[in-house]
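Undergrad: Protein chains in written order, with our numbering: chain A, 226 to 480; chain B, 226 to 480.
Each hint should be verified, as a subset may be incorrect.
Stated by the list, open to error - Result set (EDC-like, lysine to aspartate or glutamate): computed pairs, CA atoms no more than 20 Å apart in a straight line:
| id | chain 1 | residue 1 | chain 2 | residue 2 |
| --- | --- | --- | --- | --- |
| 1 | B | LYS418 | A | ASP347 |
| 2 | B | LYS418 | A | ASP429 |
| 3 | A | LYS418 | B | ASP480 |
| 4 | A | LYS418 | B | GLU290 |
| 5 | B | LYS418 | B | ASP347 |
| 6 | B | LYS334 | B | GLU380 |
| 7 | A | LYS418 | A | GLU446 |
| 8 | B | LYS418 | B | GLU380 |
| 9 | A | LYS418 | A | GLU457 |
| 10 | B | LYS418 | B | GLU457 |
| 11 | B | LYS418 | B | ASP480 |
| 12 | A | LYS418 | A | ASP347 |
Simulated from the structure, these hints should not be mistaken for laboratory data.
2 protein chains.
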Amino acid sequence: MPGQTIDAFHRGSFFLVQPARGGHRAGMDALALAAAVPSGFAGRLADLGAGAGAAGLAVASRCPEADIVLVENSPIMAGHARRSLDLPENTRLGGRVMVLEADVALTGKARTAAGLADNSFDFAIMNPPFNAEIDRATPDDLKRQAHVMADGLFEAWLRTAAAIVRPRGGVAIIARPVSLGPILAALAGRFGKAQIVPVHARSDAPAIRAVLRATRGARGELSLMPPLILHEGSGGGFSERAEAINAGQASLFGD
Amino acid sequence: MPGQTIDAFHRGSFFLVQPARGGHRAGMDALALAAAVPSGFAGRLADLGAGAGAAGLAVASRCPEADIVLVENSPIMAGHARRSLDLPENTRLGGRVMVLEADVALTGKARTAAGLADNSFDFAIMNPPFNAEIDRATPDDLKRQAHVMADGLFEAWLRTAAAIVRPRGGVAIIARPVSLGPILAALAGRFGKAQIVPVHARSDAPAIRAVLRATRGARGELSLMPPLILHEGSGGGFSERAEAINAGQASLFGD
């Protein structure tokens with residue numbers, strides 16, 4: 226189809242049908258998020274706001290006992306995800322991955338009716354779609370407005386995650402550091418034992434992302450983990466750890 | 226006096242009269258907090274919960290145009306601070322440092338009457354006294370109770386900081402990572418453009434502290450800065466950067 230591409234991930238372990246251009250193309254964010262899931266994970270995982278399915282497929286590729294539901298509200302992106310699952314190259318994973326067209330922000334009975342029942346998942350991951358968009362809203366007023374909307378979305382999405390994930394199940398989220406306040410506020414009373422891995426493009430620059438993982442109903446304390454540095458040396462190359470995550474050969478939290 | 230010691234800091238640039246034992250002895254926390262103040266800082270700075278005065282004296286020692294008020298509620302610790310200022314070794318600093326015996330959690334007129342007037346400082350730093358204490362309260366219930374009290378204290382202390390620091394003035398706080406949620410919540414609407422430096426004992430272990438700096442009334446976003454690693458190599462020695470901070474020769478945020 227014109228306007229779409231088929232791209233290899235995890236060094237050819239799975240493929241993704243994506244829009245040819247625009248902010249919705251998957252990359253390091255999706256792979257770093259997927260790497261937050263323990264390598265030995267077995268069970269049912271929801272990829273909330275899955276887009277074309279990069280993060281969910283990356284989990285399916287690395288965790289052979291994971292069943293994945295790609296939850297996506299945009300019919301266009303859900304269509305890309307379905308075409309990804311239909312690719313012959315993804316036969317190995319397709320049987321364990323399904324697409325659910327639903328709005329993550331739904332609540333109560335509407336959420337259940339959409340296919341997101343309470344306590345029906347062992348893990349939820351999310352890469353909220355506005356992450357990359359806010360910086361482009363040039364005027365300051367628009368940017369502030371976008372942030373307020375974003376803060377509300379974290380509350381709504383983590384509320385859904387807390388509902389659909391069973392007690393002691395996990396949640397992982399990738400976001401910009403500016404969102405840590407609203408995220409920690411939305412986690413309170415729902416998820417505990419949170420761990421944050423700051424993601425830096427280079428070791429001497431501020432973090433561009435934070436990956437946070439937490440456990441539903443746990444009481445443990447928040448930890449700040451050693452950062453993930455994407456690029457090392459004077460060239461543009463990836464660091465060894467980033468390469469391993471790109472290749473689907475490492476988890477972000479060492480498990 | 227029995228039960229107290231006189232200790233050198235910043236390689237002999239200033240000295241501190243301290244209790245001989247117990248959790249109130251100053252160390253790396255106070256020096257890392259002081260290092261959050263820009264080296265070129267000039268103006269009036271409040272060290273809230275100053276203890277024997279280590280952090281405030283460290284700022285006075287590194288910033289020759291800083292005037293410091295050590296705010297301490299415990300008469301015993303305020304007494305140590307006064308004796309520190311009276312040491313002949315501290316003559317160079319004494320004229321720019323004073324002790325104010327007051328409760329940081331005071332509000333409104335009581336706070337003003339205690340000597341903490343609104344908008345009367347250019348910067349406030351704080352190393353809340355419970356940081357080191359909570360882990361020792363062995364039973365889980367006590368620990369949780371201590372955390373709840375600690376969370377309330379962050380709100381009260383940052384409320385005071387927001388009152389006494391002038392617009393565009395600064396605040397810096399050192400705390401355990403577990404407190405980042407309550408701290409970010411207490412900053413909201415008061416201080417912006419926050420920067421966090423995680424402090425790790427070793428590069429492969431979770432952070433033991435976080436130093437956060439923010440600007441009153443600023444709208445900038447939260448940043449996660451590269452971490453401070455205290456120890457490097459297989460020995461117990463300090464890293465170069467930690468040595469420089471211990472010696473009063475470096476600021477934590479590169480300014």
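Undergrad: Look at each hint and say if it fits the structure.
TA: Status of each hint after checking the structure:
Note on LYS418/B and ASP347/A: the hinted pairing is violated, with a Cα-Cα distance of about 36 Å set against a maximum of 20 Å. For the given pair, LYS418/B sits about 19 Å from ASP429/A by alpha-carbon distance, which is consistent with the 20 Å threshold. At most 20 Å may separate the alpha-carbon atoms for a hinted pair to count; LYS418/A and ASP480/B exceed this at roughly 34 Å. For the hint pairing LYS418/A with GLU290/B, the CA-to-CA distance comes to about 43 Å; that exceeds 20 Å, so the pair is violated.
Distance restraint check for LYS418/B and ASP347/B: the Cα-Cα separation of roughly 16 Å lies within the 20 Å cut-off, and the hinted pair is therefore satisfied. Taken as a hint, the LYS334/B and GLU380/B pair is honoured in the structure, with Cα atoms around 18 Å apart against an allowance of 20 Å. Of the pairs offered as hints, the one joining LYS418/A and GLU446/A holds, with about 5 Å between alpha carbons and a cut-off of 20 Å not exceeded. With a C-alpha separation of about 18 Å, the suggested pairing of LYS418/B with GLU380/B holds against the 20 Å cut-off.
With a C-alpha separation of about 30 Å, the suggested pairing of LYS418/A with GLU457/A is violated against the 20 Å cut-off. As the CA atoms of LYS418/B and GLU457/B are separated by approximately 30 Å, the hinted pair breaks the 20 Å bound. In summary, the hint linking LYS418/B to ASP480/B is supported, as the alpha carbons are separated by about 15 Å, within the 20 Å threshold. Between LYS418/A and ASP347/A the alpha-carbon distance is near 16 Å, which keeps this suggested pair within the 20 Å criterion.
Of the numbered hints stated above, those contradicted by the structure are hints 1, 3, 4, 9 and 10, listed in ascending order.
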